[in-house]
Amino acid sequence: MNRGKLQKNLNHRPWFRLIWQWQGSVIPSILPRVFACAVFALGITIVYDFGINIALPLESGLVPSIVLGLLLVFRTNTAYERYWEGRKLWGTLINTVRNLSRSLWITIKENDSSDRTQKIATLRLLVAFAIATKLHLRSEPVNEELARFLPEKCYDKLFTMNHPPLEIAFWIGDYLQQQYEKKCINSYQLTAMFKLLDTMVDVLGACERILKTPIPLAYTIHLQQLVLLYCLTLPFQFVDELGWMTAPIVALISFTILGIEAIGIEIENPFGYDANDLPLDQICYTMERNIEDLITLAPCVRYLKNNLSQ
Amino acid sequence: MNRGKLQKNLNHRPWFRLIWQWQGSVIPSILPRVFACAVFALGITIVYDFGINIALPLESGLVPSIVLGLLLVFRTNTAYERYWEGRKLWGTLINTVRNLSRSLWITIKENDSSDRTQKIATLRLLVAFAIATKLHLRSEPVNEELARFLPEKCYDKLFTMNHPPLEIAFWIGDYLQQQYEKKCINSYQLTAMFKLLDTMVDVLGACERILKTPIPLAYTIHLQQLVLLYCLTLPFQFVDELGWMTAPIVALISFTILGIEAIGIEIENPFGYDANDLPLDQICYTMERNIEDLITLAPCVRYLKNNLSQ
Amino acid sequence: MNRGKLQKNLNHRPWFRLIWQWQGSVIPSILPRVFACAVFALGITIVYDFGINIALPLESGLVPSIVLGLLLVFRTNTAYERYWEGRKLWGTLINTVRNLSRSLWITIKENDSSDRTQKIATLRLLVAFAIATKLHLRSEPVNEELARFLPEKCYDKLFTMNHPPLEIAFWIGDYLQQQYEKKCINSYQLTAMFKLLDTMVDVLGACERILKTPIPLAYTIHLQQLVLLYCLTLPFQFVDELGWMTAPIVALISFTILGIEAIGIEIENPFGYDANDLPLDQICYTMERNIEDLITLAPCVRYLKNNLSQ
Amino acid sequence: MNRGKLQKNLNHRPWFRLIWQWQGSVIPSILPRVFACAVFALGITIVYDFGINIALPLESGLVPSIVLGLLLVFRTNTAYERYWEGRKLWGTLINTVRNLSRSLWITIKENDSSDRTQKIATLRLLVAFAIATKLHLRSEPVNEELARFLPEKCYDKLFTMNHPPLEIAFWIGDYLQQQYEKKCINSYQLTAMFKLLDTMVDVLGACERILKTPIPLAYTIHLQQLVLLYCLTLPFQFVDELGWMTAPIVALISFTILGIEAIGIEIENPFGYDANDLPLDQICYTMERNIEDLITLAPCVRYLKNNLSQ
Amino acid sequence: MNRGKLQKNLNHRPWFRLIWQWQGSVIPSILPRVFACAVFALGITIVYDFGINIALPLESGLVPSIVLGLLLVFRTNTAYERYWEGRKLWGTLINTVRNLSRSLWITIKENDSSDRTQKIATLRLLVAFAIATKLHLRSEPVNEELARFLPEKCYDKLFTMNHPPLEIAFWIGDYLQQQYEKKCINSYQLTAMFKLLDTMVDVLGACERILKTPIPLAYTIHLQQLVLLYCLTLPFQFVDELGWMTAPIVALISFTILGIEAIGIEIENPFGYDANDLPLDQICYTMERNIEDLITLAPCVRYLKNNLSQ
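Residue numbers (the working numbering), protein chains in the order written: chain A, 1 to 310; chain C, 1 to 310; chain V, 1 to 310; chain S, 1 to 310; chain R, 1 to 310.
There's no promise every hint is true.
A pair counts as met if it fits within one copy or between any two copies, since identical chains are not told apart.
In silico EDC-like links for lysine to aspartate or glutamate, alpha-carbon gap of 16 Å or less [unchecked claim]:
{"#": "1", "residue 1": "K109", "residue 2": "E181"}
{"#": "2", "residue 1": "K157", "residue 2": "D293"}
{"#": "3", "residue 1": "K88", "residue 2": "E208"}
{"#": "4", "residue 1": "K119", "residue 2": "D293"}
Quick caveat, the hints were computed from the structure, so don't treat them as lab data.
Let the hints inform the model, and build the full structure from the sequences given.
Right under this line is the structure:
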């Protein structure tokens, strides 16, 4: 909405304010680990202070440093790509719902008023598909949110199914085939609408893919081992040079590293309720509003024609 | 237009001139922060000059440096990809408008002169769709710019709608379905044109996606925290070696870093009015000119045939 | 399923636990090589301890270090892209099976009860295609797992074929063409379903591509040579500074490097039985369950209509 | 053609020869700037030699170095992607011309010999489209090169148009629609050919996009400022260590950096006449030859049939 | 085939064996240059040993090092992408041949036995297309390999053509159009098969693109100049520290750098006969075997029906 203004704000005022923002940042989840690193560094400093030489000059390990740095960025990229792919999929879902609803509304002939009622019910099924997908991705059961968009009988039936969105897709397809058999649409229109319906099911499957296939475990384990090793060797490298400043500096550096990794974990599954997850509720609401707008639309051209022909 | 010349110029003369260009660069927006960093560095130098040893040798933090460097580039890449995707989408919109208008103009049969008037009105609706999308992306209300391309009644109606471009798409679809029912196009042609219309709505949805989904907040916050930490630790690292040169050098380095980040923020939303945003007005004007050209075209082959058959 | 919970867990508790996880990590496969590097480093240290100066200051080789680091990450990226492309392909297979089965179930007219039996048999052929593809990718022969989804005669025939999935695709196509000739579907529906069948065969071919085309041998050899050279030169660089700590430090660094390379090798072929491979058995089971759900479905809208029309 | 040989040559002999190649390299365009850097470095050395201590130890600026390095590579990647996308688009244009010409030649029925003449004229229009696109991308007016492929009347008309390729596309579409109305092709074939024509117009639009949308100005300015700053601070860093060798070393390093940037600028617009631009003339000639080959082809199968049926 | 086993082997035994593999590695082609670098380094060492101080401390050139490292990796990525795109294209060709042959075999009606003969001849033309493409990409003339898959008359004609694969595509298209005119397929099926044929020609064009458009010359030249400069400055940097060890160390480092570059050159054109090129012969053989399998197939469902209906 007023993003133009937001954009300007991001350029000027809130730069220094964003830095202190707690909500939506990963600080809460990494603070304990940063604190643990600092305590460990303090321990090392105390031991060193007693004269036990445990300082290690490790600067030569250039390749491990590059590898760790690049792996962290690989993690970041991969997680962000999953997030962005998820967003693209939901964008596709909005587009497809818009296109399919417009086609439905324009092309299916109405012979009596019950046809229009059925048409509107089917338009609402499109929104129901999106909401059922959202619930499915969040592992939530069918609930009241869906009730508004489904005929009562269908709503009851959904409770007994393993995979609610697929059943809704089945009902939409069934309605289209029925219209085709009633000669309200021709077979090309049927095929085109089936393709849009297929796209909706493709989006569902792709979201399930993102949800169910995290980054291979071997990467996650190896990366966490490297991060831990790195954070634990930091005090040995710094204690000689920095003395009592070792603990705060180690805290800063481990904050940098652990933060990156934590963000990766947080946005890897973008379908949840976190502050950084996709605004699925809002997207579903946009679809609903678009459909409701469409229903209130009396097409200007056709309207005239219909008035003339009647 | 005379880009060939521009290209040559870029190779030779303006290299040194571009460097001093103020307009379009991010210098205005980052100057206050660069200045703040320099002042801070000066403060540190003064404290150090009083003999208080606050110098810190931090060169060992190779991994945080790599991570910060790569994150800044990740930010740059991501922002540029959004910018370039936005440009691609508008390119797709131009192509689709060209293809759909050509198909409309060539294939829809005309029985009387009012058919042609209606056809021309629909071609202009395509431009209206692009302009309405532009206004929608800039959160601007329906305005005079659209009036030229819309029948008056439609223009008035648009003021009452939530989502003007979708309504225009609805009118175009409605016109096509009407032609199909009047047997002026067959159902294959209808389906093909509906697909092009779907593409136009897909472009609209994808632009909304870019606009409404910035980079996850957690990244933005973490990156800004790292940038701030880095700039604030710079004087401690340099004060011992550089003395009174610390402040200008810190200003230079923070200029480098803050500039990258500011560019990312600026081109992340490419649909605004900034010097670095997409030239949407010009793109819309290109569409308009192409449509007007098309309307003045009398197809050479068909023209002969029509003359013969009449 | 309860991934929402898992996600939360990943944020809090299991961070430190994951690090010690043996199963699924690459430690077992690289441990011998890490040990060999450590022993070599120990040997170098002993020789050095006898006063033979074999220390080499090699820090200047910045470009080889960058190249090795980036090559390792290139390896990682490439292997992960293959893994993720494999997952996407199986996701496409699920989607296509869902779409094709829904279309089949909704659109093919039934004249008598044997038609329905044949329809169900064909739906099961879709699952059989997926399972046959899985077995083919694992170089396993046709086995009992397939028997449930195939008519007995077809099952027997499969044993004599070079490429079982292609034959199953042929049977599905043959069934569709037969329905078309019996006028149970029209030619548009036939074409649309053939396209979905083509997609299934495309997935098969793309999986074979991933399986049969590893990263070019020249890269693999060059990378392994560089890794070996790097690990063998490490002790010479460290022995002067670290003394008897050389061996454990070299072990740590070679663990980092060899681990990355081993993960690359492990996930390059994602169709096997490793802990890090794709869960193909589970994916096939999902398809089976979706198909069985579909078969039990009595479409609500059509059901009414059929009752009325009968 | 004899690229196999070329490939071999690249492996063996010309390695050392390529290095000295002047034509096609960016040396001519960057030499003045490299020379300027060397002179500046010499000046600094002379000043230093007079005992004025202007040496600055700047090695600690790791992050700016990484950022500059990665930005240069970002520039390189982006420019190369534009180049490669341009090449892909022209590849698509060749493919589409081949497919559309083959379809035209095979499927359009001929009733009398004038039909064949018209068919051949339309095939040549496809080449004319490619050439007109080339001229349009180079901002050149319609010229003799096009005359061979266009009917005279069309050629004259093109001079009056803003956007020649679009008009040629219009004529091709018009011809197809005419054949459809003459029942020489059916509506499916018409739709399929229209889609190929749409692809050709998509290629045109995408090339215009590459041409008209350079990398955002803010990046170009910021990058050039960083490059200049870097080159100007080099002598201060080196003068203490290298003495009179400073100037040649600075020349070498600035040669590296400026070369990368100059290549980026040169291939960013790949449609010109530079040695590194796409061989558009040759690509157009390939299309022409393919079309002329096609025209001389008498299909073996059909030929028999026609002989039999006549 | 027994890749599962190979995979296991790669994990365990052959790790140390791969390192010594000569065939398929780039060692043969870079050995002379590595040797030249070592000799140059030896010369520098001898000169230095005579007391002439030519040592240069160059470690400060961080940006050129990063740029060279990243450029080498850019080269690697680009070359690998071309290789992988080539492999994908041939995968697409296999898939399309499978889909088109299955469609042909299932859908084209046979009225007499000559129809079947012609059908089989056309299936073999698909393999001929792949082989002709392979020969074309290797700049080899039409040869005996093609004779088996072509009618004699066509084979003779191919010798006179500039672009054999395009002519074969023309014959396939011609056959399909002929079947359509004989009412053996309907127009939807014709359109769908034409689209698959278009895909085959697209693959051909895309392979030509990869073959004929190497990385822009400016990059190749600049990269080789940088590599040479880097290798020649290495001895000056090392001679002070390493003494007589300079030559072997320089040889190792130049081996690393030159190897990367040589791999890039080798896999840039993946259609040749090198050990690292794509196994085109094997891919063509797979297609042949799939087609021959298909021909021997008597569809189980249809077979019954045909038996019943006859």
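Now for the hints, and whether the structure bears them out:
1. Taking the closest pair of Cα atoms, K109 and E181 come within 16 Å of each other both inside a single copy (12 Å) and across two copies (11 Å).
2. Proximity of K157 and D293 under a CA criterion of 16 Å is satisfied inter-copy only: 13 Å between copies versus 28 Å inside one chain copy.
3. For the identical chains of this complex, K88 and E208 are neighbours both inside a copy (14 Å) and across copies (11 Å), given an alpha-carbon limit of 16 Å.
4. When the C-alpha separation of K119 and D293 is checked against a cutoff of 16 Å, the pair qualifies only within one copy, where the shortest distance is 14 Å, while the shortest distance between copies is 26 Å.
Checked against the numbered hints listed earlier, the structure breaks none of them; every hint is satisfied.
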